Amino acid sequence: MTAKGWCPTPGPTFRGTPTPSSTLPSHQAPSPSQPDDAALWREAWAARWHSLAKTVGLNPREPLVLALSGGADSVYLLHLVAAARMQSSVDGDGPHPKVLAVHVDHMLRGEESCEDSAFCARMCARLSVPFARRRADLGDEVANLEARARKLRYGLLAEEALGAGSHVILTGHHEDDALETLLLRWMRGSSLPGLAGLKAENIIRPASATSQPMRVVRPLLNLRREEVRHLLREAGVDWREDSSNGSPAHTRNRVRNQLLPRIESTCGPTGVENLRAFASAVEGLEDELATRTANLNWDSDGPTGRQIPRDSLDMAHTLQRRALWRLLSEGTGRPPSHTLLSILQEDLENEVQTRHTLPGGWHLDLAEDTLVLTAPGAQA
Numbered sequence: 356m357t358a359k360g361w362c363p364t365p366g367p368t369f370r371g372t373p374t375p376s377s378t379l380p381s382h383q384a385p386s387p388s389q390p391d392d393a394a395l396w397r398e399a400w401a402a403r404w405h406s407l408a409k410t411v412g413l414n415p416r417e418p419l420v421l422a423l424s425g426g427a428d429s430v431y432l433l434h435l436v437a438a439a440r441m442q443s444s445v446d447g448d449g450p451h452p453k454v455l456a457v458h459v460d461h462m463l464r465g466e467e468s469c470e471d472s473a474f475c476a477r478m479c480a481r482l483s484v485p486f487a488r489r490r491a492d493l494g495d496e497v498a499n500l501e502a503r504a505r506k507l508r509y510g511l512l513a514e515e516a517l518g519a520g521s522h523v524i525l526t527g528h529h530e531d532d533a534l535e536t537l538l539l540r541w542m543r544g545s546s547l548p549g550l551a552g553l554k555a556e557n558i559i560r561p562a563s564a565t566s567q568p569m570r571v572v573r574p575l576l577n578l579r580r581e582e583v584r585h586l587l588r589e590a591g592v593d594w595r596e597d598s599s600n601g602s603p604a605h606t607r608n609r610v611r612n613q614l615l616p617r618i619e620s621t622c623g624p625t626g627v628e629n630l631r632a633f634a635s636a637v638e639g640l641e642d643e644l645a646t647r648t649a650n651l652n653w654d655s656d657g658p659t660g661r662q663i664p665r666d667s668l669d670m671a672h673t674l675q676r677r678a679l680w681r682l683l684s685e686g687t688g689r690p691p692s693h694t695l696l697s698i699l700q701e702d703l704e705n706e707v708q709t710r711h712t713l714p715g716g717w718h719l720d721l722a723e724d725t726l727v728l729t730a731p732g733a734q735a
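Heads up: the sequence shown begins at 356 in the working numbering, then just goes up one per residue.
Keep in mind the hints are simulated off the structure, nothing from the lab. Owing to the predicted nature of the structure, the values given are computational and were not obtained by experimental measurement.
Restricting the straight-line Cα-Cα distance to at most 27 Å, the calculated cross-link-like pairs of lysine-lysine (BS3-like) are:
id : residue 1 : residue 2
1  : K453      : K409
2  : K453      : K554
3  : K409      : K554
Based on the sequences and whatever the hints tell you, model everything.
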């Protein structure tokens with residue numbers, strides 16, 4: 356596939372030797388007197404992919420888009436999928452699963468970003484995996500850079516998925532990513548849904564109103580970061596390191612490089628195990644609350660905005676809070692703060708009629724019998 360976007364392409368910086376497209380890398384090249392090491396690696400990694408795919412509910416023939424940064428996690432995921440494709444070809448079943456690897460270049464690290472892009476392109480060529488490169492122009496604004504980059508990245512991945520006839524985006528997030536996300540959300544005062552951490556799957560909705568929702572699937576959440584790197588080293592597979600990951604300027608980097616190691620060194624293995632158990636317990640509770648409030652939805656847009664009967668929120672405090680969180684998150688596209696939820700619950704309890712101005716220019720009116728959500732610029 357023709358790469359989209361543009362980046363001057365210097366020679367990529369590999370840490371090993373190029374690999375023929377018909378094999379997977381290994382430490383030792385096979386010889387006539389030895390078993391076919393490449394075939395053994397291919398079979399083992401193909402089996403590992405099929406096991407992971409089954410766990411996260413992927414159809415073996417479902418077309419996929421794989422987010423490829425060049426880092427260890429996405430490179431490992433790419434090689435698992437590539438191994439499955441090679442093995443299915445050897446078995447006479449054609450290259451399955453169908454996959455498109457997409458590299459999104461945020462153009463934030465100059466030549467290093469270009470080298471990442473070139474590395475990904477050449478790796479995909481060697482593995483006979485179709486590849487696309489997209490350029491994400493974030494402009495000069497510094498505020499909320501990570502959040503804006505993430506939103507733009509997933510938008511571009513969704514575009515590529517639609518073009519490829521896919522509704523599944525694979526990412527290489529592993530357990531350390533999930534633990535870091537949990538700690539970050541806890542530090543920022545996240546509501547209950549956020550404290551469930553990263554899930555193996557979530558749904559995003561492309562900008563096009565006619566498009567089907569996209570599944571974002573994370574098959575590697577049960578692997579630690581160092582496990583992934585060990586598996587790659589063992590197989591002789593190279594990857595790229597993002598130099599900005601060492602910068603203490605980003606909160607996530609401080610959590611990754613300072614807080615999480617300190618938890619492990621202070622608490623031992625049980626520290627991480629307890630974090631994992633906490634996230635799992637929260638996820639179970641969140642799923643139960645979501646099920647109990649699933650029948651609460653905004654009515655269709657009316658002349659004064661989206662509405663819901665006020666008495667439909669007459670329920671236990673925890674359920675009410677979860678219902679308000681979901682209604683406002685889905686209605687405005689951004690989750691409400693703890694403070695706003697507390698104020699709304701107090702107003703509902705005291706039968707207050709008032710208007711709240713929400714982030715992004717939205718308005719929520721607590722009328723006598725209804726709650727009315729009005730979009731920015733609309734007349735209430």
